[in-house]
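In case you want the letters, here they are:
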Amino acid sequence: MEHLDPSLVNWSRAQFALTALYHWIFVPLTLGLTFLVAIMESIYVRTGDIWWKKTTKFWMGLLAINFAIGLATGIIMEFEFGTNWSNYSWIVGDIFGAPLAIEGLMAFFMESTFFAIMFFGWEKVSKRTHLLSTWLVAIGSNLSALWILVANGWMQHPVGTHFNSDTARNEMTNFWEILFNPNAYTKFLHTISSGYVLAALFVISISSWYLLKRRDMQFAKRSIMVAASFGLIVSLFNLTTGDDSARQDALHQPMKLAAMEGLYDGKTNAPIVAFGILNPKKKYNNDEDEFLFSFEIPDGLSLLGFHSFDAYVPGIKQLINGDKEYGIMSVQEKLDKGKIAVTSLGEYKKAKKEHDTDKATMALKTFEEHSKYLGYGYLKSPEDVIPNVPLTFYAFHAMVTFGLWFIVLFMVILYLTMTNELKEKRWFLKLALWSLPLGYLAQESGWIVAEVGRQPWAIQDMLPVGMATSQISSGSVMITFWLFAVLFTALLIAEVKIMTKQIKIGPEEA
Amino acid sequence: MLKKIYYFYKDGFANMKLGKRLWVLILLKVFILFAVVKYFFFPNILEENFSTDTQRSNYILQQLTEGR
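The listed protein sequences derive, respectively, from chains A and B. In terms of my numbering, the first sequence opens at residue 1 and continues consecutively. In terms of my numbering, the second sequence opens at residue 1001 and continues consecutively.
Think of the hints as simulated: they come from the structure by calculation, not from any bench. The beta carbon of each residue, even a glycine, is placed where N, CA and C say it ideally should be. Misleading hints may appear alongside valid ones.
[Unchecked claim] Computed footprint of chain A on chain B, listed as stretches where at least three residues anywhere in the stretch have a Cβ under 8 Å from a Cβ of chain A:
id : region
1  : 1003-1011
2  : 1028-1041
3  : 1048-1061
[What the hints assert, rightly or not] Here are the computed lysine to any residue pairs in the SDA-like style, where the Cα-Cα straight-line distance is at most 20 Å:
id : chain 1 : residue 1 : chain 2 : residue 2
4  : A       : K57       : B       : L1022
5  : A       : K124      : B       : N1058
6  : A       : K423      : A       : M225
7  : B       : K1003     : A       : W122
8  : A       : K54       : A       : K352
9  : A       : K337      : A       : L416
10 : A       : K124      : A       : V45
11 : A       : K54       : B       : L1018
12 : A       : K57       : A       : M499
13 : B       : K1020     : B       : K1038
14 : B       : K1004     : A       : A72
15 : A       : K423      : A       : W434
16 : A       : K372      : A       : N164
17 : A       : K317      : A       : M329
18 : A       : K353      : B       : K1017
19 : B       : K1010     : A       : M110
20 : B       : K1017     : A       : E369
21 : A       : K353      : B       : K1020
22 : A       : K352      : B       : N1058
23 : A       : K380      : B       : Q1062
24 : A       : K365      : A       : H162
25 : A       : K221      : A       : S435
26 : A       : K339      : B       : Q1062
27 : B       : K1029     : A       : A72
28 : A       : K501      : B       : L1022
29 : A       : K359      : A       : E369
30 : B       : K1038     : A       : I75
31 : A       : K57       : A       : G506
32 : A       : K127      : B       : D1011
33 : A       : K430      : A       : W447
[Unchecked claim] If you only want the chain A side, here are some residues facing chain B, beta carbon under 8 Å, derived:
id : residue
34 : I76
35 : K124
36 : D166
37 : F306
38 : L345
39 : T500
40 : Q502
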């Protein structure tokens, strides 16, 4: 990596982050709102109350706007794979190809058929057929997300594959191991349930606006009741899936967990930081305090990571230097093994070219023994494996704080709705209205934790981002970065404008 | 049956209010993405520079073993 242009890697990463973060403005709302709409329509079919039909159609309209504007924003990431990340795309091989092909086919058939019935079929098919289509849209959209997250889970914890030294590609050895990769399904469940929370906030926020304006009160109260009940259930589920995700990090990405908690020195009975300000002078190899200020919950991190109060949680220092007592290998040792993997791969390639079978067999054997550490062979120093600690730490704590606030919000709203006091509590309605941006911040923070926290890896331990990029000029990546920034901002403005117009029209006219 | 499906979609599109504007937006976006962004800015590097998978493998192996 000596001759690599660092600005190329940074711009490629920035561009991918920009695309992914903008894409993720639209996706979670679709994932959750499809279910809320399906629940509302189920109530309509069950009760025959025409008001529920109007309510369903109104939220379905907003779902259509979000879906239409978000549609194809994800395809840009596939463009980027081929141009900016061609090494990565090749090395990943069919691990990405198979899940994405399934996702593409499923999305196409589900969306073109059942979406059409959902939007066009109100007066053309029976109530039950329409309801079935709405549920299938909800299930189908969420299953689409499964395949993407399976691919992402593999990057975080590569299983079920073998690196082919002749083709430089990963080959799938066990489809089920990839599908049931614990990192993949916990990520899937945590991600979709966070989308449901966002959708509940969306419905509550807009309904609160109607209540504040004292219009469409009946519609707003009904919508809030459904959204708050749904929101509370999925929030609690989201909490458990978040706990599972942290456990996966503890087992497979301990550096990410250490960065999430700003933990430099490992310990048993490790506390979790409820609130803290990191000390900017702290490095893994100095004696500065980790925090300028912190409020900690005793044993919390041990419990979160290992489900045991007295479990040992390694800090950044132990993960870099190694700790024999706890069986942690130093990064320098991994770097040495990685260099052997890189060298032996080169020797294998050379011997094969020279038709020296014995030498090729020996080189391949050495490579296979050290291939687990291949990615470390491209790093310059042990410190390279430390992600951006402040960004990971603050993003994680923002996500958790907002997530806990949403649980309180849903509970209070349910109570106030049931006691018929909600419309009088204008300050609380304002709080509910402005909680929606926090929902989006929590969504984006979650992805920042997941992706920034695992740097420098494009594929954990196998391929650092520096080796994953293509040999192109950083100037062209910079140009397209700004192009996307403009395009996505225009789409976001369009989304907000069309949606606010539709909201102002209200459920009666819509 | 096919006729029914045809009229289902035709009437659905014809009766759209908000949907028409959304379709214009979708088509415009897809055009910008595929005809401009993909075509001018995002070539598939390995597809363009090499004609066979063997060449692509050799190139990546070279990157992995000989540095960049």
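Hints, one by one, checked against the model:
Only when three residues or more bring their CB closer than 8 Å to a CB of chain A does the claim for the region 1003-1011 of chain B stand; here the count is 3, and the claim holds. Here's how the region 1028-1041 of chain B fares: 7 of its residues keep a CB closer than 8 Å to some CB of chain A, so the rule of at least three is met and the hint holds. With a threshold of 8 Å between beta carbons, the proposed coverage of the region 1048-1061 of chain B by chain A holds, since 5 of its residues qualify and at least three are required. Our distance criterion of 20 Å between C-alpha atoms is met by K57 (chain A) and L1022 (chain B), whose separation comes to about 16 Å.
About 57 Å separates the Cα atoms of K124 (chain A) and N1058 (chain B), which puts this hinted pair outside 20 Å; it is violated. For the hint linking K423 (chain A) to M225 (chain A), the alpha-carbon distance of about 13 Å falls within 20 Å, and the restraint holds. For the hint pairing K1003 (chain B) with W122 (chain A), the CA-to-CA distance comes to about 19 Å; that is within 20 Å, so the pair holds. Proposed proximity of K54 (chain A) and K352 (chain A) is contradicted: the alpha carbons are some 70 Å apart, above 20 Å.
About 61 Å separates the Cα atoms of K337 (chain A) and L416 (chain A), which puts this hinted pair outside 20 Å; it is violated. As the CA atoms of K124 (chain A) and V45 (chain A) are separated by approximately 15 Å, the hinted pair is consistent with the 20 Å bound. Our distance criterion of 20 Å between C-alpha atoms is met by K54 (chain A) and L1018 (chain B), whose separation comes to about 16 Å. Between K57 (chain A) and M499 (chain A), the direct Cα distance comes to roughly 14 Å. Compliance with the 20 Å bound is thereby established for this hinted pair.
Between K1020 (chain B) and K1038 (chain B) the CA atoms are separated by roughly 26 Å; this puts the pair beyond 20 Å, and the hint is violated. Distance restraint check for K1004 (chain B) and A72 (chain A): the Cα-Cα separation of roughly 29 Å exceeds the 20 Å cut-off, and the hinted pair is therefore not satisfied. As the CA atoms of K423 (chain A) and W434 (chain A) are separated by approximately 16 Å, the hinted pair is consistent with the 20 Å bound. Using a Cα cut-off of 20 Å, the hinted pair K372 (chain A) and N164 (chain A) holds, with the two alpha carbons roughly 13 Å apart.
About 12 Å separates the Cα atoms of K317 (chain A) and M329 (chain A), which keeps this hinted pair within 20 Å; it holds. Only pairs whose Cα atoms come within 20 Å are accepted, and K353 (chain A) paired with K1017 (chain B) is rejected, the gap being roughly 65 Å. Distance check on the hinted pair: K1010 (chain B) and M110 (chain A) sit about 19 Å apart at the alpha-carbon level, within 20 Å; holds. A hinted pair counts as satisfied when its Cα atoms are at most 20 Å apart, and K1017 (chain B) with E369 (chain A) does not qualify at roughly 63 Å.
Taking the CA atoms of K353 (chain A) and K1020 (chain B), the gap is about 60 Å. The hint is violated against a cut of 20 Å. Distance restraint check for K352 (chain A) and N1058 (chain B): the Cα-Cα separation of roughly 12 Å lies within the 20 Å cut-off, and the hinted pair is therefore satisfied. As the CA atoms of K380 (chain A) and Q1062 (chain B) are separated by approximately 19 Å, the hinted pair is consistent with the 20 Å bound. Straight-line distance between C-alpha atoms of K365 (chain A) and H162 (chain A) comes to about 14 Å, which keeps the hinted pair within the 20 Å bound.
The hinted pair formed by K221 (chain A) and S435 (chain A) meets the criterion: a straight-line CA distance of about 17 Å does not exceed 20 Å. Proposed proximity of K339 (chain A) and Q1062 (chain B) is supported: the alpha carbons are some 15 Å apart, at most 20 Å. A threshold of 20 Å between alpha carbons decides the hint, and for K1029 (chain B) with A72 (chain A) the separation of about 8 Å falls inside it, so the pair holds. This hinted pair checks out: K501 (chain A) and L1022 (chain B) have alpha carbons roughly 13 Å apart, not beyond 20 Å.
A hinted pair counts as satisfied when its Cα atoms are at most 20 Å apart, and K359 (chain A) with E369 (chain A) qualifies at roughly 16 Å. Between the alpha carbons of K1038 (chain B) and I75 (chain A) the distance comes to roughly 10 Å, so the proposed pair stays at or under 20 Å and holds. Between the alpha carbons of K57 (chain A) and G506 (chain A) the distance comes to roughly 11 Å, so the proposed pair stays at or under 20 Å and holds. A distance of roughly 19 Å separates the Cα atoms of K127 (chain A) and D1011 (chain B); the hinted pair therefore holds under the 20 Å criterion.
Between K430 (chain A) and W447 (chain A) the CA atoms are separated by roughly 28 Å; this puts the pair beyond 20 Å, and the hint is violated. At a threshold of 8 Å, the smallest CB-CB gap from I76 (chain A) to chain B is about 7 Å, leaving the interface hint in force. About 6 Å separates the beta-carbon of K124 (chain A) from the nearest beta-carbon of chain B, less than 8 Å, and the hint is met. Interface hint at D166 (chain A): satisfied, since its Cβ lies 7 Å from the closest Cβ of chain B, which is below the 8 Å cut-off.
Because the smallest distance between the Cβ of F306 (chain A) and any Cβ of chain B comes to about 36 Å, over 8 Å, the interface hint for this residue is violated. Look at L345 (chain A): its Cβ gets to within about 5 Å of chain B, closer than 8 Å, so that hint holds up. Hint on T500 (chain A) is violated. Least Cβ distance to chain B is approximately 13 Å, over the 8 Å limit. Hint on Q502 (chain A) holds. Least Cβ distance to chain B is approximately 7 Å, under the 8 Å limit.
Of the numbered hints listed earlier, those contradicted by the structure are 5, 8, 9, 13, 14, 18, 20, 21, 33, 37, 39.
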